[in-house]
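**Student:** Chain by chain, the residues run as shown.
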Amino acid sequence: GKADDTLNIAWDVEVPNANMYFDTSRNGVIIAHHVWDALVWRDPATGDFKPALATAWNVVNDKTIELEIRQGVKFHNGDPMTADDVVYTYNYLAQPDNGILNRNFSNWIAKAEKVGDNKVRITAKDTTPLMMLYITELGIYPEKYYKEVGPDGMGLKPVGTGPYKITAVEPGKRLEFEAFADYYDSPKGKPSIKKIVQRTIPEMNTQVVELASGRLDWIWRVPQDQAERLEKSGRVQIINADTFRVGYLALNAAGGPEDSPLRKQKVRQAINHAIDVEGIVKNLVRGSSQVIHSACYPEQFGCTDDVKKYPYDPAKAKALLAEAGYPNGFNTTLYAYRDRPQNEAMLSNLAAVGIKADLRYGQYAATRDALRKGEVPIASLTWGSNSVPDVDAILPIFFGGLPDDLAKDTEVQGWLKDAASTLDQDKRKALYKQALQKIAEQAYWVPTFTYTTNYAISNTLDFKPTADEIPRFWTAKWK
Amino acid sequence: MADTTIPPVLETRDLHCTFQVRQGMFKPKKPLHAVNGISLKVHKGEVLGLVGESGCGKSTFARILLGLQKPTQGDVLIDGQATSAFTRKQIARRIQPIFQDPYSSLNPRKTIGTIITLPLSVHGVGDPASWRGTVERMMDLCGLPKRVYDSYPNQLSGGQRQRVAIARALVMQPEVVICDEPTSALDVSVQSQILNLLQDLRAELGLTYVLISHNLAVVEHMATSVAVMYLGRIVEQADTDTLYHAPKHPYTEALLASVLTPEPGKGVPDAQLGATFPNPINPPPGCTFHTRCPKAMDVCRKVAPRPLIVDGAEVECHLHDDSIRSAA
Amino acid sequence: MAAITIPAAEDIVGPTPGQRLRKRIIGHRGVMIGAVILAIIVLMALLAPLLAPHDPYTQNLGNRIVPPVWTDGGSWVHPLGTDGLGRDYLSRLMYGAQISLFIGFATALISGVIGTVMGVAAGYFGGRVDLVVTFLITCRLSMPVILVSLAVVALVGSSLTVVVMVLGVLLWDRYAVVMRSATMQVRSLDYVAAASAAGCSTWRILVSEILPNVMNPLIVVATLEVAHAVLLEAALSFLGLGVQPPLPSWGLMISEGKDYLLFEAWLITIPGICLFALLLAINLLGDGVRDVTAPENRS
Amino acid sequence: MLIYTLKRLVVALLVALTISLISFGLLYLSGDPATTIAGESANQAAIEAIREQYGFNRPLYEQYFAWVGRALQGDFGTSFYFKVPVTDLIFERLPVTLGLGLSAIAFAIVLSIPLGVLAARYPNSIVDRLALTISVMGQAMPSFWFALLLIMVFSFMYPLLPSSGSETWVHFIMPTVVLGYYATPAIMRLTRTGMLEVLGADYIRTARAKGLRPRVVLFKHALRNAIIPVVSLSAVQLGFMLGGSIVVETIFALHGTGYLAWESIRRYDLPTVQAILLVFSLIYIVLTFLADLLNAWLDPRIRVG
Amino acid sequence: MAALLEVENLRVDIPLGAGDLHAVRGISFQVDRGETLCIVGESGCGKSLTSLSLMDLLPPKARRSADRLAFDGIDLAKVAPSAMSDIRGNRMAMIFQEPMTSLNPAYTIGNQLEEALLRHRNVSGREARERAVHLLEKVGITGAASRLGQYPHQLSGGLRQRVMIAMALMCGPELILADEPTTALDVTIQAQILHLMIELQKEFGMGMILITHDLGIVARVADKVAVMYAGQIVESGTVNEVFENPMHPYTQGLLRCIPVPGKTRRGEPLGSIPGIVPSLIGEMKGCAFANRCPYTFEACLTTDVPLFETGSNPNAGRGYRCLLSEQQCIENAKEVA
Ligand SMILES: Nc1ncnc2c1ncn2[C@@H]1O[C@H](COP(=O)(O)OP(=O)(O)OP(=O)(O)O)[C@@H](O)[C@H]1O
Ligand SMILES: Nc1ncnc2c1ncn2[C@@H]1O[C@H](COP(=O)(O)OP(=O)(O)OP(=O)(O)O)[C@@H](O)[C@H]1O
Ligand SMILES: [Mg+2]
Ligand SMILES: [Mg+2]
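Protein chains in written order, with the numbering used here: chain A, 4 to 482; chain B, 28 to 355; chain C, 4 to 302; chain D, 38 to 342; chain E, 44 to 380.
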């Protein structure tokens, strides 16, 4: 609370450890942002890149970048941060057998080398349009300390250069952060709150009760209904913020049995028409959630709304089904792993046009496994793009021929490949637009809506969320 | 005795039955010789009385005769044929039981009619239509009113239940009936009814009984010959008159002395057997009775007596073994 | 002293066991209360298609979380209000009764068959059979049901069939334990020996002598296991692994109402109370049957 | 005694083996855990690497025997999720669960034995009715529902008790009540029927015939004998509480083994789930063994053969 | 001087769902010091309830009433429960039927023996122990001192019953109530126990009420006999009078039922009493034995039969409850013999 200058926060998931490269969860990313700084910092408000541990940089060519390393930065354990640490970190990440889990941001790295006292050159394996973005996500590890303690030691006693240092780790239970007194003059700014204590509380009601009784100051992902009523009670403040996460129904357009109705474009279009996304957003999801029509988050680079739209029209859906040879609809299965009410609503939309779907509600992993085996006709899924503000973080995964690609549209795959291998941003944009239009035309997906998150925070706290779902507590203040 | 050319209806040869019992949860199992070498013959029409203290193995012996318990050693012969060659069903046709407790020997969920019909239906005797007649005749014979055919056991008195048990045992017309304490759960007034019934039925149907009882007066009244059991063995066996008038074994003597007849003024005799009953799991060495025997000799503590025939009685006691006595 | 009528002593024939049982059941308050509640719930479940005011699956997103009629804003259109998807709560409760009862009885049936067979076999044959069964019981008891069923349901995927099968395969322990000891008791009684001595086959003894006489404890266990299964399904549903929506089991309704606990408590209290009433009724019934059939109650 | 203990040990071992087999088959037959470990954003290569690293591509029986071999040395492998030895993980969290279980059983005993005794002493009295009501309610109340209601009342409407965490004993009050209440009916019933039965026993009549005071008869002669089955039951109930702790720990955010088990199931953290199942069953077996010993100590018929 | 125990018109009723069960229906008797009264009757005739009602140990729902219930001049019907418990086990002691279940399995017999003395006498533990050893020896248990540490289950039935006797004697009671003390025992042990009880009773000069259903025991042990049927005493008197001249048809019937070695002829039918005991629930009219009696006439069914006193010595309490004349009864008895 404000009284002891300690920010008490709760998450519903256990944090396995505090070693950022060994935790792929959202919480791992949040911890990483607090404990480790990267070479470059991206301002979430403007999207500009600003110098962090590197004071300046120079893109040498398609695959190479050189950076000037900042002097006088200290790690949490007191060691100075040097170019050697940077080189070590990047080369460590480039090793294929290092066992790290978070490879999306790092598997482009070919090598890093020191090219001057404070100068580092980083080479990519391929043309990497998002190189700068990735660099902002890669925290720098202390070479000496990390060699000493290894990944496990790092997980229990993390050391970085970030605005908060971790003072206690009880895996799965709690983490304690303390503002780092020697934090350099970073574009992130100096932290204002002295201590942060994170606890894991799985049950949302318990979280809310603890918040209401003052034992917590910050929680998030509060269900909309509960959030609205909490706000009304006046005991806490509610902030509804956008996220990069979008929801969609993936339709198995290329797989499944030979006579699968979903192989027919008309059927897929019918499904698009059948689902009352607008109604669901307006009545159920609410907040600042928006309806989307293309397979990406609207603010992402390359995303466009200029695609074929399918307004809610059950009659048309029925007509399309009839045209496709299913005047009485058909039976199918809908796989889902979260947001039961929304899925039930969609289920009833489908039922209204004659598509009787069983809900198969299970674990995310099980759903995705089944999906990859081609056993899933319709899956209700979401994707958060790892908070990357570029469609590169979504389209190639689902339409670029990877295992999650159900459409298997070689044309789209080709465009996406082209887009990934050029640095020409306009060209990329055009290619993505082409792809998104075809995806919509073919109705491979039913894009639904963007997700928002409700933050419930104590009245004394001044906190501003960002769309990338990374709470930045170093910017939080007591009122 | 009986004609030796006709084999006895029932004969046992060196019958043993050993249980493995656990004395406490933490103790290993130990053998308990419940029946420890019994050889007996029962001739047609005889009533063999079997007496002995509680736990000496009478019921176990009865269960073996009925084929309900496998002997660990030895044979039971019916009409000279070993029952090990018979199925349970074949034994059932010839030997039937009457149990002590008329409350637990009738299935409370079945009507009297069904209970008595059971043996008929198991053996498929005659056609089912005739069963009811047969059963009612049997009930009549056992003094049961026809009305109770559709009653349940809990609606009957103890004596009536015992009559049902008897009817069930006799409906197949077996040769031998094993009565394991048939009256000890009943009041005297009912006991005499049942005993009379058993006598009548025996005469009428030519039955052979093995009558187990701890009531010596009852045995004397019913039996033609008597066997006295002690710790799994028959220690004395003779025809009833011989045994009651000239008991040979000290244990038989003590038993007879302990019978309390309703004759005022005679006082309570002191049988002079010690207060302790030996533990059947750890039977005393030598003659198992020596710990309580008022006439015990040194030899009794070491050597088990052998069966002897003395004045028409078979007895296992060193007192009657001339070779031992002359040695002593 | 001839012509007088003395009532024949043998005439004293009491009521049959069935009659006595009926009389005692009627006289037992717990049984009656339990039976009445259960009858109401069963009727509600059976007559749901006739009685329910709305279709339990029809959503009306514009009409969500309407409070019940006795609170401000409630109306008789939806006497118990509507849920988070605007479905009529009363109708869902009625159909939910079907599901919850089905789970309870189907599970009890499956586990009853497994447990009774095992228990009776162990009790009757003793020896090695008993050893094996006892060992299986120990194994089963040493695994927490909820943990195992959670694991299985999580891995296999949850659905009504899966839940019933999993619980059915897990909840046989009490049957086995009780049937084993009941059978042991009955087995040592003389009427079994008599049947055996009459030449009955083992099968016949088991079916016609043993089984009818272990029926009472079996019924008691069965009722209690119905309650147990309903409760477990509710717990699974609560953890998100029970029956699948839109099927409305009461456990699932509680789980769905959970999000509204603090502000719209009726969404969780109403199905909670229904579940409570059902479990109460079954337990009262089971306990009552135990009382009524207990041997000390014979007099 | 020694032989008895050895026999129990063998049984325990067999049970453990059976359970490990069941849990192994159960978990591994149900799909490929690699996807889960890799996480949402992992690509195919990462999944392959993990499959290789953990040996999921080897035949099942090989995996099983390798696992048993290591388990026999006390090594249950490394948690997929936490990347620490499962043994450490479990033993770190066990105290919370055991503490909760013990306080819950203590609560149940303290509530149910006196009530059970009184109910048996005064059958059909108000106390008896009360005891009956408490026990019937306990049987009929889903524990998660009860827990949520308690939170609503005692933390939200009247903020008296903390609803999460395990720092002080105050944090344990509500979880203890919820979990303990769950075991109360069975214990109370057994105490009551046991007492009723014992009070009708011949030796109680003997004690009264000696002119002993009612208090002495009730506590010295009756309770002592009625308590014996209650001891076993309490141990068994304590074992059952391990399962019950899943729900309770989740709601009250107690980081014990029950919650770990549930989360591990959701995370496909197979080594952890397996180890917890095994540990739970071993605890159960140890508990019943202890109960038997305690019984033997309480009951001279067993103690003195 | 008044007798040690005087009972007049003792009734015990047990309310049941179907009506009151009149288990004991107005019985009267007296026992003096050094005297043995045997109460004999068939199962369910109310023998145990009679003895329990004397000790105030009836089951909770049973109700007791009596015109007079005096022990050594103390009115037992009026004393407070605590005063009654001071008498119980102290001046009046009881021995029960089931030696197997009448001792608490959880405590050593030493503990259970001493407990009785420590409750009623202000003695040290050592003294109690000595008395226990003394009495155990007295009842014929060898190695008494070492037995104190044993638990009931380690003793055989006969030994347990001896322990029960010793326990009853711990406080030196003036009256002993023994409810079927030997029914569960083997014949040889039964004889020993009865023998022992008679000796001890003589030695301590106690009054004794011995309850049994075995006429053999009665004949050998009793000074006075009361024959019970359906909650009433149907015949009473000294042992010789009752056995030699049974007046009541029931007593006569009972005596005919028993085979006596040497007297009854082998294989000949025994006498018997047909039918069964009437239900004791609800009011009963007429003679309770009427439905089984060979001499029943109309009045038997309607008239409540009083206990007719007879015999030369009024103190002997000779009486019978039958409408037949004394002469008739004696003639019937002769038929029997
Ligand atoms: N199934 C069994 N398992 C172990 N021991 C047994 C078994 N049946 C009988 N025994 C033991 O064998 C001995 C003989 O028992 P049995 O029942 O034959 O005696 P009994 O002479 O009929 O006694 P009673 O007069 O009390 O009926 C007893 O010590 C008894 O404990
Ligand atoms: N607690 C009780 N509740 C109801 N009825 C009882 C109770 N105790 C005894 N009775 C009934 O009272 C009558 C007399 O019982 P009592 O025990 O005195 O008989 P008894 O002569 O001692 O018989 P037994 O020879 O079987 O011991 C019986 O009909 C019995 O059923
Ligand atoms: Mg026997
Ligand atoms: Mg009695």
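In case anyone wonders, no lab produced these hints; they're calculated from the structure. Mixed in with the good hints there might be a few duds.
[What the hints assert, rightly or not] Below 30 angstroms or equal to it, Euclidean Cα-Cα: the simulated DSSO-like pairs (lysine-lysine) are:
hint, chain 1, residue 1, chain 2, residue 2
1, C, LYS26, B, LYS173
2, A, LYS77, D, LYS44
3, A, LYS376, A, LYS411
4, B, LYS57, D, LYS120
**Student:** Hint by hint, which ones does the structure fall short of?
**Tutor:** 2, 4
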